[in-house]
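Peer 1: Residue numbers (this note's numbering), protein chains in the order written: chain P, 1 to 151; chain B, 1001 to 1207.
Each hint should be verified, as a subset may be incorrect.
Partner residues are not named here, just some residues of chain B that face chain P (Cβ under 8 Å, in silico) [said to hold, decoys possible]: (1) Q1012; (2) A1185; (3) T1187; (4) L1197; (5) T1198.
Now the stretches of chain B that chain P is said to cover, found in silico as 3 or more residues with beta-carbon under 8 Å [claimed, not checked]: (6) 1001-1007; (7) 1017-1028.
Label pairs and their calculated CB-CB ranges [stated by the list, open to error]: (8) L107(P) to E1094(B): 37 to 47 Å; (9) L1007(B) to Q99(P): 20 to 30 Å; (10) A1185(B) to Q50(P): 49 to 59 Å; (11) R1140(B) to A37(P): 28 to 38 Å; (12) Q21(P) to E1094(B): 37 to 47 Å; (13) A74(P) to G1097(B): 33 to 43 Å; (14) Q1180(B) to R36(P): 31 to 41 Å; (15) A1088(B) to Q50(P): 49 to 59 Å; (16) G1103(B) to G79(P): 27 to 37 Å.
Derived by calculation from the structure, the hints in this document are not laboratory data. Please read all numbers here as calculations on a predicted model, not as lab measurements. Heads up, the beta-carbon is just placed ideally off N, CA and C, and yes, glycines get one too.
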Amino acid sequence: MFTFLFTDIEGSTALLGRVGQGVYARVLADHHAIIRAGLACHGGREVDTQGDAFFAVFSSPAACVAAVLAMQRALQAHGWPGGERVRVRMGVHAGQASQTAAGLVGLDVHRAARIAAAGHGGQVLVSQAAAALVRSDLPPGRGLRIWGCTG
Amino acid sequence: MHRLKDLEGLVQIFQLRAGGLLADFPPLRTVPGGVAAATRTLPRDLVSFTGRQRELAELIDAAAGAAGGVVGIHAIGGMAGVGKTAFAARDLEEALGLYRDLGNRGGEVTALNEAGTLSRVRGDLRQAGSCHQQALDLARQIGSSWDEAHALAGLGRCALAASRTVEAEGMLRQAVAIFQRIGAAETADVSAELDALTAARPTSHES
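Bound conformation, chain P alone (with noise of 0.2 Å):
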């Protein structure tokens, strides 16, 4: 069992298109250094980077939690170069997959990038399977809360 995590910059050709290309590849430069910290001090694993997407692994779903709340905190706290708000949608699902010599490969995989996909910049969307196990892991009195989004 794997925790999945995808993230992505929201709009961000539209950011390449207002800031040119030397700023845009700061904010490229800072995003990533943050989202590398949230995976460092988490234990969480980096599979897969393209662009301003990211894809990662986690032991736990409650590792994975802790990652993104901390990550999400830090962009948003973050000075931005050319004074551009960055907002990343990031999208955590729990489920099974295969190690392959083409990487990590399942349908909780694709699951967990359309969970992802779905979310708007700074938003944090959590499938049912990993909200169970998140649930069952969260220390009471922490101020975290997990919502059910209607349609």
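Assemble the complex: chain P is given as a structure, and chain B must be docked to it using the hints.
Peer 2: Just chain B now, with coordinates in the frame of chain P:
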């Protein structure tokens, strides 16, 4: 329930909420028809269903967390004069007390706004204003823009009902600005209320 692109079946999706995280977002970018497909045996709503996203989210959350328990939902219907509003008021008061006991401030702020609406509809503008003001303070404390905008809209409607049009316009304008910023579905309805108010006001002098 939601349908994800290229994947079979409907799934439930949750949003992580915690201090320091943004809380209010537009509807999810899932494939249209997720909810409709799940409820296709039910008659189609005659009007668009807006302004109750938080309550629906809480119901789904409660149902998901019940794990074999029972979730009660009161549907209130009946002829005029049989006491539907009074019953709703009692239920709302009970819900407010429960939310406070549980320390659920998100639920509390929503119930306060609902209580404000109910009081205004019943003609008790003083009570309505008090509920929305409490909701406004609490929404700002917990950083919920959606509830803050609802509280401002409620205060605006109370002011309008009391013929304080300048105050009403100011409150509704603030509500629209917040709804617009977070991309909420309520933007259109509250903007229309604001337009109607400004169109009906012949001069800039308050009566």
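Peer 1: Next step is simple, just say for each hint if it's right about the structure.
Peer 2: Verification of the supplied hints:
1. Of the supplied interface hints, the one on Q1012(B) holds, with its beta-carbon coming within about 5 Å of a beta-carbon of chain P, less than 8 Å.
2. Against a cut-off of 8 Å between C-beta atoms, the interface hint on A1185(B) is violated, since the closest Cβ of chain P lies about 11 Å away.
3. Using the Cβ-Cβ criterion of 8 Å, the hint placing T1187(B) at the interface with chain P is not satisfied: the shortest such distance is roughly 16 Å.
4. Residue-level restraint check for L1197(B) is violated (minimum Cβ-Cβ distance to chain P is 30 Å; threshold 8 Å).
5. Taking 8 Å as the C-beta cut-off, the interface hint given for T1198(B) is violated, the closest approach to chain P being about 31 Å.
6. With 6 residues bearing a CB less than 8 Å from a CB of chain P, the segment 1001-1007 of chain B meets the requirement of three and the coverage assertion stands.
7. Counting residues of the segment 1017-1028 of chain B whose beta carbon lies closer than 8 Å to any beta carbon of chain P gives 10, which meets the minimum of three for the stated coverage.
8. Between L107(P) and E1094(B) the beta carbons are some 44 Å apart, a value that agrees with the proposed interval 37 to 47 Å.
9. The hinted window of 20 to 30 Å between L1007(B) and Q99(P) holds, with their beta carbons roughly 22 Å apart.
10. Between A1185(B) and Q50(P) the Cβ separation comes to about 33 Å, which falls outside the hinted range of 49 to 59 Å.
11. The given range of 28 to 38 Å is respected by R1140(B) and A37(P), whose C-beta atoms sit roughly 31 Å from each other.
12. A beta carbon spacing of about 59 Å between Q21(P) and E1094(B) contradicts the range 37 to 47 Å that was offered as a hint.
13. Roughly 39 Å separates the CB atoms of A74(P) and G1097(B), a value that falls within the hinted 33 to 43 Å.
14. Under the hint 31 to 41 Å, the C-beta atoms of Q1180(B) and R36(P), about 35 Å apart, fit the expected range.
15. Roughly 52 Å separates the CB atoms of A1088(B) and Q50(P), a value that falls within the hinted 49 to 59 Å.
16. Distance hint check: the CB atoms of G1103(B) and G79(P) are about 35 Å apart, consistent with the given range 27 to 37 Å.
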